[in-house]
Amino acid sequence: MESLLTLRGKVALVTGSTRGIGWATAHMLARHGATVLLNGSTNAGLLSERVEEIKQIASAEAEGFSFDVGNPNAVRDCYSSIFKKYKRLDILVNNAGILDDSLLGMVTPQTIEKTFHVNVQGVILNMQYAARLMARNHGGSIVNLSSIIGRVGNVGQVVYGGSKAAVIGITLSAAKELAPANIRVNAIAPGFIDTDMARKIPEAKFQERMQSIKMGRIGTPEDVAKAILFFASDLSTYVTGQVLGVDGGMLI
Amino acid sequence: MDNNARLQKAFADSIGIEHQKVTDDLAYGKDWDSVSHMAIVAALESEFDIMLDTLDVTDMSSVGKAKEIMGKYGITFDIAG
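The listed protein sequences correspond, in order, to chains A and B. Read in order, the letters of the first sequence are residues 1 to 252 in the numbering used here. Read in order, the letters of the second sequence are residues 253 to 333 in the numbering used here.
Source of the hints: derived by calculation from the structure; they are not laboratory data. Every residue gets a Cβ at the ideal spot worked out from N, C-alpha and C, and that includes glycine. Incorrect hints may appear among the rest.
[As the list claims (entries may be wrong)] Stretch-level coverage of chain A by chain B, calculated; a stretch enters the list once three of its residues show a Cβ under 8 Å from a Cβ in chain B:
| hint | segment |
| --- | --- |
| 1 | 72-81 |
| 2 | 123-136 |
[Stated by the list, open to error] In silico contact screen, one side only, chain B against chain A (beta carbon under 7 Å); selected entries:
| hint | residue |
| --- | --- |
| 3 | 255 |
| 4 | 294 |
| 5 | 298 |
| 6 | 303 |
| 7 | 305 |
Just need the whole structure built from these sequences, with the hints factored in.
Rendered as structure tokens:
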């Protein structure tokens, strides 16, 4: 009997997949047999390297798509290419995101626009096209990356927290709308994960965050990727509209 | 089946009407709702093996307009259709 975790024959797009959680996810999905389409928007060289790294995995296939997830024309072109070449999409992981901390009084319109462009508009635009491709093949799985901050909020994260709370609302609504097409939509709310994004915060703040994690360690990108694999695979065939915390018991 | 007949079938099956009742003046909001609209889009995409731009999806206000939009994807229709 084939494992419920196998993704053989499936095509997965992971946005923001050159580093951190996105990269761990791309690698995880490829190891389980999926053809993985990677995305990045700022470093074409790294994207090419990552594609080659995935191809080193036995029998894994990969392709890179360099585009800004919040740009409607770029998203259209990406999905048009996916349709022409693969004729299908089974898994979408909306991982691309940006974090720009500011206290409320110091938030600029540019910060709001930039953050929502990627974290919110990017999620919706990709889901629009992905859902249509998935519906053609009678189903699929969409996994959106929210954050613990989108659930409980935090000082200095009005914009980021707002964008990640929006991801939850988007997920819950899309889950209801797309269920008849057998497309499942779920979200992951990571806690403090060891990524470049987390390492950018000041040392004192980093230690403070560490103290708030009941499991006593920072999460790894692989911890999150494993939860994404659950949603992407047939282990979760009857699960939709859920927000799964992957946070080691973190309290903010 | 010619392109007109294929398009008529896509609309008729999605809206739930007879094929011969699919005419150019059938319109979104009057003759079909948003749920049927997405079904029409899916049917057209599958039938003609294309992927429509989101702006074309939202712009598809009538059967006649749909034919015009499909032209952008290399699918043409007889004038009589």
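Hint check:
no.: 1; hint: 72-81; verdict: holds (count 4)
no.: 2; hint: 123-136; verdict: holds (count 7)
no.: 3; hint: 255; verdict: violated, 20 Å
no.: 4; hint: 294; verdict: holds, 6 Å
no.: 5; hint: 298; verdict: holds, 6 Å
no.: 6; hint: 303; verdict: holds, 4 Å
no.: 7; hint: 305; verdict: holds, 5 Å
In summary, the structure is inconsistent with hint 3 from the numbered list given earlier, while agreeing with all the others.
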